[in-house]
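**Q** Sequence:
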Amino acid sequence: MNLTRIRKIINEYQNMLDQKDRTIGSIIKHYRKERNYTLDDTSNGICSISYLCKVEKNQLIPSDIILPKLIKRLKINEEEINTNKKSDWVKEVLKDYNILKKMYNSVFYLKDYQSKLIKYTYNLLIKNDMIAAHKEYIDLTEYYTYFTEEEMCFYLYLIMINYYKKEQYSEIINMYKDVLIFNEQRELQLKIKVIVLKSFYKCERYSEANIMYEKVISDLLNYNMFEEIIKLRSYDLAAKAKELETEVLIEHLNLLNNTEKMSFEYIWFVHYFYKKNDYEKAVELILKIKDLNAHYYIMCLIALDITKKGHEIVKILSSKPNFDMPNSYKVIINYLKKKYSNERLFSFIKEEIVIAKFLTDEAIIIDYLFNEACELYKSEHYYKGTVSLLEKHNRFLKQRNKNVI
Numbered sequence: 036m037n038l039t040r041i042r043k044i045i046n047e048y049q050n051m052l053d054q055k056d057r058t059i060g061s062i063i064k065h066y067r068k069e070r071n072y073t074l075d076d077t078s079n080g081i082c083s084i085s086y087l088c089k090v091e092k093n094q095l096i097p098s099d100i101i102l103p104k105l106i107k108r109l110k111i112n113e114e115e116i117n118t119n120k121k122s123d124w125v126k127e128v129l130k131d132y133n134i135l136k137k138m139y140n141s142v143f144y145l146k147d148y149q150s151k152l153i154k155y156t157y158n159l160l161i162k163n164d165m166i167a168a169h170k171e172y173i174d175l176t177e178y179y180t181y182f183t184e185e186e187m188c189f190y191l192y193l194i195m196i197n198y199y200k201k202e203q204y205s206e207i208i209n210m211y212k213d214v215l216i217f218n219e220q221r222e223l224q225l226k227i228k229v230i231v232l233k234s235f236y237k238c239e240r241y242s243e244a245n246i247m248y249e250k251v252i253s254d255l256l257n258y259n260m261f262e263e264i265i266k267l268r269s270y271d272l273a274a275k276a277k278e279l280e281t282e283v284l285i286e287h288l289n290l291l292n293n294t295e296k297m298s299f300e301y302i303w304f305v306h307y308f309y310k311k312n313d314y315e316k317a318v319e320l321i322l323k324i325k326d327l328n329a330h331y332y333i334m335c336l337i338a339l340d341i342t343k344k345g346h347e348i349v350k351i352l353s354s355k356p357n358f359d360m361p362n363s364y365k366v367i368i369n370y371l372k373k374k375y376s377n378e379r380l381f382s383f384i385k386e387e388i389v390i391a392k393f394l395t396d397e398a399i400i401i402d403y404l405f406n407e408a409c410e411l412y413k414s415e416h417y418y419k420g421t422v423s424l425l426e427k428h429n430r431f432l433k434q435r436n437k438n439v440i
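Residue numbers for the sequence shown follow the working numbering, beginning at 36 and rising by one.
The set of hints was computed from the structure by calculation and includes no laboratory data.
Just so you know, not all the hints are guaranteed correct.
Derived pair list, reagent style DSS-like, types lysine-lysine, alpha-carbon separation capped at 27 Å [said to hold, decoys possible]: (1) LYS228 x LYS277; (2) LYS137 x LYS200; (3) LYS137 x LYS212; (4) LYS355 x LYS365; (5) LYS316 x LYS275; (6) LYS323 x LYS355; (7) LYS344 x LYS374; (8) LYS266 x LYS365; (9) LYS311 x LYS275.
Have a look at the derived ranges for each label pair, beta carbon to beta carbon [as the list claims (entries may be wrong)]: (10) HIS169 x LYS130: 25 to 33 Å; (11) ASN259 x GLU378: 46 to 54 Å; (12) ASN259 x ALA167: 28 to 36 Å.
The structure presented is a predicted model; accordingly, all values stated were derived computationally and were not measured.
We put the beta carbon where it would ideally sit given N, CA and C, even for glycine.
Construct the entire structure; sequences and hints are all you get.
**A** Here it is, written out as structure tokens:
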């Protein structure tokens, strides 16, 4: 779903009458579509087409005379119509994602809008089944008129998480201002600000990240979200480590609590890699933590490649990592496998790396892939292609200086 469609949904939702959170219309709509009935097929002899449309759009509740006839025609289980709607389920999920499994099992056979939203949430956050989640995501675009304001804000937050998993961080940033209208959903808005802030760091839009950082940390403290605070401090310090002098960086690190020292090796890796250009020291540091997560793993491979430690790369790639990899990381892994097995790389570069924008918005990955592509193009004397790549890369660099807040 593109930003134009998301804005249209938000605008239509805002302009609706206060008739949200009903489930009857969403159930009728689901079964009509499932049976492949047209509006005329369903309404014939029961009510007018316009009446049925209003029911499906959540603009009215069918009367006691019409509802039983629609239930009979669509072969709907009456128990489903009478199922009580969950009122605080979003708050329960935000408090503890683990409750989603129980929720999912309880609504597995139900077809109302809320059950669809719970299934989408479960597949996206717990099962990480992106194919199933995508189908539910598309389906839900026809049911947003039934959402409570809390559910609508949560749905938009889930869209952001979906973008994050797909490495489309710029889309999250572009959505940010539009989602701010749901300002009464304070905890959800904080979750949204956290994912937007992380996206700023991923895209290396540091000036915008700096504007948000202190306020988000303060709000997280109010909600006792200490794990998120630790993660964001790691993001912030890793960004600062690229520019700060060593003595100043030490002062920043000394202010942290002992519980936060898990990120120290990565912060020092960034400092030696980007600020001091001491690649040997950087490699020594990143090798210690490469198995902790996918990002450390891929940065280790990039550092080893830059220092031309092909033997070490082959050794690492001989065993499979214990975590899922974003698609762009998989491309880098495939690229390095080919590079250090002396395979021809030109076609691979052209087909996979030149389309890096479609793989990720992560600045570190974009820079590495474009630099590799340019070097290969130059070695093949493909100067026209090199110029084209440099122009494209320059557009990404300009994008990092944009400001949306």
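**Q** It remains to establish, for every hint, whether it holds in the given structure.
**A** Outcome of the hint check:
1. Taking the CA atoms of LYS228 and LYS277, the gap is near 24 Å; set against the 27 Å cutoff, the hint holds.
2. Taking the CA atoms of LYS137 and LYS200, the gap is about 24 Å. The hint holds against a cut of 27 Å.
3. Between LYS137 and LYS212 the CA atoms are separated by roughly 34 Å; this puts the pair beyond 27 Å, and the hint is violated.
4. In summary, the hint linking LYS355 to LYS365 is supported, as the alpha carbons are separated by about 12 Å, within the 27 Å threshold.
5. The straight-line distance between the Cα atoms of LYS316 and LYS275 is roughly 18 Å, inside the 27 Å bound, and the hint therefore holds.
6. Of the supplied pair hints, the one linking LYS323 and LYS355 holds, its CA atoms being roughly 17 Å apart against a limit of 27 Å.
7. Of the supplied pair hints, the one linking LYS344 and LYS374 holds, its CA atoms being roughly 12 Å apart against a limit of 27 Å.
8. About 24 Å separates the Cα atoms of LYS266 and LYS365, which keeps this hinted pair within 27 Å; it holds.
9. With a C-alpha separation of about 13 Å, the suggested pairing of LYS311 with LYS275 holds against the 27 Å cut-off.
10. Between HIS169 and LYS130 the beta carbon distance is about 26 Å. The supplied range of 25 to 33 Å therefore holds.
11. Restraint check, ASN259 to GLU378: a C-beta distance of roughly 52 Å satisfies the suggested window 46 to 54 Å.
12. Distance hint for ASN259 and ALA167: a CB-CB separation of about 33 Å, consistent with the stated range 28 to 36 Å.
Against the hints set out earlier in the document, a violation occurs for number 3 only.
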